[in-house]
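This is what each chain is made of:
Number of protein chains: 2
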Amino acid sequence: MPPEVRVIGVEGMPELTNGDDLAGLMMDAAQAQGTPIEDGDVLVVTQKVVSKVEGKVVKFSDVEASPLAIAVTEGHRRDPRHTEWILRESKRVVRMDRGVIICETKHGFYCANAGIDASNIPGDDTLALLPDDSDASARGIRKAVKDRLGVEVAVIVSDTFGRPWRNGATDVAIGVAGLDPIHSYVGQMDSHGHEMFTTEIAVADELAAAGELVGGKVAGVPVSIIRGYDYIRLEDASIQRILRGSEKDLFR
Amino acid sequence: MPPEVRVIGVEGMPELTNGDDLAGLMMDAAQAQGTPIEDGDVLVVTQKVVSKVEGKVVKFSDVEASPLAIAVTEGHRRDPRHTEWILRESKRVVRMDRGVIICETKHGFYCANAGIDASNIPGDDTLALLPDDSDASARGIRKAVKDRLGVEVAVIVSDTFGRPWRNGATDVAIGVAGLDPIHSYVGQMDSHGHEMFTTEIAVADELAAAGELVGGKVAGVPVSIIRGYDYIRLEDASIQRILRGSEKDLFR
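In order, the protein sequences belong to chains A and B. For the first sequence, the tail end lands on 336 under the numbering used here, and the numbers increase by one without skipping. For the second sequence, the tail end lands on 336 under the numbering used here, and the numbers increase by one without skipping.
Warning: the hint list may mix true and false statements.
[Said to hold, decoys possible] Stretches of chain A that chain B covers, calculated by requiring three or more beta carbons in the stretch to come under 8 angstroms of a beta carbon on chain B:
| no. | stretch |
| --- | --- |
| 1 | 90 to 96 |
| 2 | 114 to 128 |
| 3 | 174 to 187 |
| 4 | 198 to 206 |
| 5 | 246 to 258 |
| 6 | 285 to 298 |
What the hints contain is simulated information worked out from the structure, not anything from laboratory work. All C-beta atoms in this analysis are idealised placements derived from N, C-alpha and C, irrespective of residue type, glycine included.
Generate the whole structure from the sequences, applying the supplied hints.
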């Protein structure tokens with residue numbers, strides 16, 4: 085049998101709101117569409133639904149725009165109070181130019197606009213912030229699946245981030261549970277017997293990207309099941325293993 | 085039926101060398117393992133095998149290390165002639181620090197070490213350079229599949245690139261044929277009727293990442309078939325659409 089990985093979108097989940105049982109609803113929906121969650125699956129859950137059930141949805145009118153937020157936004161389409169939220173979710177501004185704000189968020193992510201956006205949430209003046217601790221969100225879903233179905237899964241909370249040098253965003257991991265987010269080949273031999281000194285693959289980001297292929301931005305598929313991928317099980321996994329830390333980075 | 089994408093690794097291909105019929109061999113291998121290439125497939129072909137069949141394998145001894153190459157490499161494990169090859173494949177050094185060289189390659193890619201590496205090729209003093217024109221490589225494979233099997237496929241040439249801010253590398257596209265590498269949602273409405281102003285997804289990079297999940301670095305799976313992904317067909321596709329160009333970038 086050739087190696088094969090399946091990426092299955094989970095459809096039919098309801099619009100979610102603060103306090104909803106996300107894990108339960110995704111198990112129900114997967115079951116209802118004939119693809120119940122199985123041992124060894126990787127569940128890729130998009131950040132937006134995690135933020136919704138965790139109550140991380142805010143209104144423009146919850147804040148007043150600071151002079152900096154007003155100045156930065158001038159001449160751009162964004163509401164200055166939206167910009168204010170971006171600044172409040174950041175611990176460092178990495179670049180601020182032509183209306184673009186690249187932040188280091190308070191969670192340690194480098195991304196545009198502190199990961200805040202207004203798409204796919206109800207209301208004209210609402211924004212979804214990132215979850216406070218996406219690793220904990222992932223762990224909670226993993227535990228709920230174990231408790232109800234008795235199976236071990238890995239969980240990735242994903243978000244759509246841009247990146248330097250390349251147009252277009254891709255989905256990456258912002259929280260993980262149950263798998264090592266990096267597959268290290270350091271010290272292993274390649275196919276010709278040479279030691280591979282430096283190769284480390286961010287498999288959690290590749291899994292998040294694969295999950296996006298069945299999700300899409302308008303399709304109402306907030307969860308993907310990745311089946312058949314032989315990940316490295318790790319009980320105390322954390323996205324911190326992927327976050328480089330600004331002191332080691334050449335592009336801070 | 086829930087949305088599903090399959091990622092199938094192509095095993096059983098021989099060690100490749102200059103002049104080999106890569107497209108023919110991958111069609112043979114896919115057929116032999118019971119997963120013949122079908123209309124609408126995306127073929128993800130890793131750069132290393134493309135470089136091999138195109139003769140982009142060089143030896144350390146083909147060059148003499150310049151004083152800069154010697155100085156940069158001092159105290160690091162790399163052969164200075166390897167560094168010389170990196171400099172020769174670059175049109176700009178973006179960062180050069182602690183043995184790390186981030187280049188803009190002559191093809192326009194931003195990556196470490198000009199995309200050159202020594203793993204998975206025979207010999208102790210050999211290096212694989214990037215293909216001269218990976219779009220042309222992808223187009224050639226696409227045409228060969230059309231000519232022999234009569235089916236339309238998309239082809240992505242992939243390579244493993246690191247990135248700022250996040251540990252671990254991921255596979256990205258360096259050449260494309262037959263599909264739009266970016267899926268733009270600009271102007272479309274989201275699930276709540278809001279216009280999505282800025283969302284563009286680099287689907288070619290996500291497909292490359294998905295392809296890596298069945299490949300791996302030591303597994304001898306240089307080609308993946310991605311089946312069931314509804315890509316945007318585009319006859320004159322090019323990776324240039326993903327390359328931002330340094331004049332627009334905040335991290336040059």
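Outcome of the hint check:
no.: 1; hint: 90 to 96; result: holds (count 6)
no.: 2; hint: 114 to 128; result: holds (count 3)
no.: 3; hint: 174 to 187; result: holds (count 4)
no.: 4; hint: 198 to 206; result: holds (count 5)
no.: 5; hint: 246 to 258; result: holds (count 10)
no.: 6; hint: 285 to 298; result: holds (count 11)
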